[in-house]
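Just remember that our numbering sits 959 ahead of the position in the sequence shown, which is counted from 1.
These aren't lab readings, by the way, just hints derived from the structure by calculation.
It is possible that part of the hints are untrue.
As a list, the in silico SDA-like pairs of lysine to any residue whose alpha-carbon atoms are at most 20 Å apart [stated by the list, open to error]:
1. 1080 with 1057
2. 1083 with 1192
3. 1230 with 1196
4. 1216 with 1230
5. 1252 with 1009
6. 1215 with 1080
7. 1263 with 1057
8. 1080 with 1199
9. 1080 with 1009
Cβ-Cβ distance ranges computed for the label pairs, FRET-style [claimed, not checked]:
10. 1231 with 1081: 22 to 32 Å
11. 1159 with 1102: 22 to 32 Å
12. 1252 with 1110: 30 to 40 Å
13. 1220 with 1163: 27 to 37 Å
Where is the CB? At the ideal position from N, CA and C, for every residue including glycine.
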Amino acid sequence: MADQPLILYHYPFSPYARRLIWYLKIRGIPYCQCLQPPILPRPDLSTHLSLNYRRIPLLAHGGDLYLDTRLILNLLDTLFPPPPLTADQKTITHLLSTLTTATTLFFKAAELLPSSLPVMKDPKFLRDRATFSPAIFAAPRTKEDRALSRAEALLEIQSSVRLLEETILSDGRNWVLGWKEPTRADVEGVWVIHWLLTLPPPHNDNALDPAVINKTRYPKTMAWVNRFDQFINALSGKEGRVIKGGEAAELILKGKKGGDIGVDETDPVVKVQGLKKGDVVEVFPTDTGSAFKDRGRLVGVDEKEVVWENEKGVRVHAPRLGFRVLGVKGRPSL
C-alpha cells in the first residue's frame, strides 16, 4: 500500500505539522501537500471530505485519512520502515513522544507565545482559538494572573530542557540515538523547544527569557536544537508538491482503503457500550477541539486506533488514546 499517494493537510506555521514535514524530509518520503487556512472554515476537509475534526495536520493515504501526528508517524514507519532500532532506542523515542505530546508541555509552550506576535493581535485568530483551547485563549485573567501563568509555563519548559541536558545529551552526542543523522527520536524531542527558540526576533526572547534558557546554562541542548535547525534548513526545497482541495479529495475518494483491523470486543469502551462493527459512532478528541465531533459507521477498534467510515466513504483513523468513542444508538443514523 506504500504506492498509494500521501497527502498532508496543514498550514505552514503549525508546530505539529512541522513534526511531520521534518520527518518526511529526513526520511525522503514522497508526499503531496494541501495547504489549509490556520483558522476555520476549511472546506477542503468539511465539504469535500465531510470531516468536522478541526485540528491540523492530517494525512491521507489512499482512501484512508489519519488524524493526530502520533498515529501518522506510526503509519509512516509502517509504510516506510526505518532501520531497525534496539529496545533502548525504541524506548527513548517513545518516551520523548510521550513527553512532548501526552503531557502539558505543548500547552505551556503556547502560553509563552508573546502578545507581540502579529497572529496574537489578530481578532479572528484569537476567536478561532478560543473555541479550540479556551483555557489559554478565552479564559478571562488579570495581568497578574497571566504573568504568573507564563512564569510557571517557563519553569516547565526549563525542566524539559534540563532533562535533555542532564540525560540523553549529557555525553555530547550530536543526535538523540547517536546516529550520523537525526531520527524520529530527534523530531519527537526537539519540536516544542525549537518552536519557541525559532520565533522571529525579538519574539523568541519574549517567549523564552534568555536569562533562564541560554547556551551557557544548557550548552548541549541549545547546540542540538541549532544543529537540528541547520540540518532541516539544508533540506529546503524538498517539500511535497502542492495540490488543491478538489484534487486531493478526488484522490482520496477514489483511493484504495487499508485492511480491516476488526473490533476488539475486550476493549473496555467497546464492551461497556456493546459496540459492534457497523454501529454508528461519534468520535472526538478529549482535550482540545472536543466540540467538533465526527460521525460514521464503526469499522474497527484495537488498542492503538479507532476507525470509522463517514458519509462520503472516507475511512477515518484516530488514536485510541485521547479520543472518545460514543455509540449513537437511538439517535439519527447516517
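Taking the hints in turn, this is what the structure says about them:
1. 1080 with 1057: Not OK: residue 1080 and residue 1057 at ~32 Å, beyond 20 Å, violated.
2. 1083 with 1192: violated (31 Å)
3. 1230 with 1196: Measuring from Cα to Cα gives roughly 49 Å; hence the hint is violated.
4. 1216 with 1230: violated (26 Å)
5. 1252 with 1009: holds (11 Å)
6. 1215 with 1080: Violated, because 43 Å separates the two Cα atoms, which is more than 20 Å.
7. 1263 with 1057: Judged against 20 Å, a Cα distance of about 15 Å means the pair holds.
8. 1080 with 1199: Since the Cα atoms of residue 1080 and residue 1199 sit roughly 31 Å apart, the hinted pair is violated (cutoff 20 Å).
9. 1080 with 1009: Between residue 1080 and residue 1009 the Cα gap is close to 31 Å, so the pair fails against 20 Å, i.e. violated.
10. 1231 with 1081: 22 to 32 Å: 43 Å Cβ-Cβ, so the 22 to 32 Å window is violated.
11. 1159 with 1102: 22 to 32 Å: 25 Å Cβ-Cβ, so the 22 to 32 Å window holds.
12. 1252 with 1110: 30 to 40 Å: Given about 36 Å between the Cβ atoms, the range holds.
13. 1220 with 1163: 27 to 37 Å: violated (43 Å)
Going through the hint list in order, the structure does not satisfy hints 1, 2, 3, 4, 6, 8, 9, 10 and 13.
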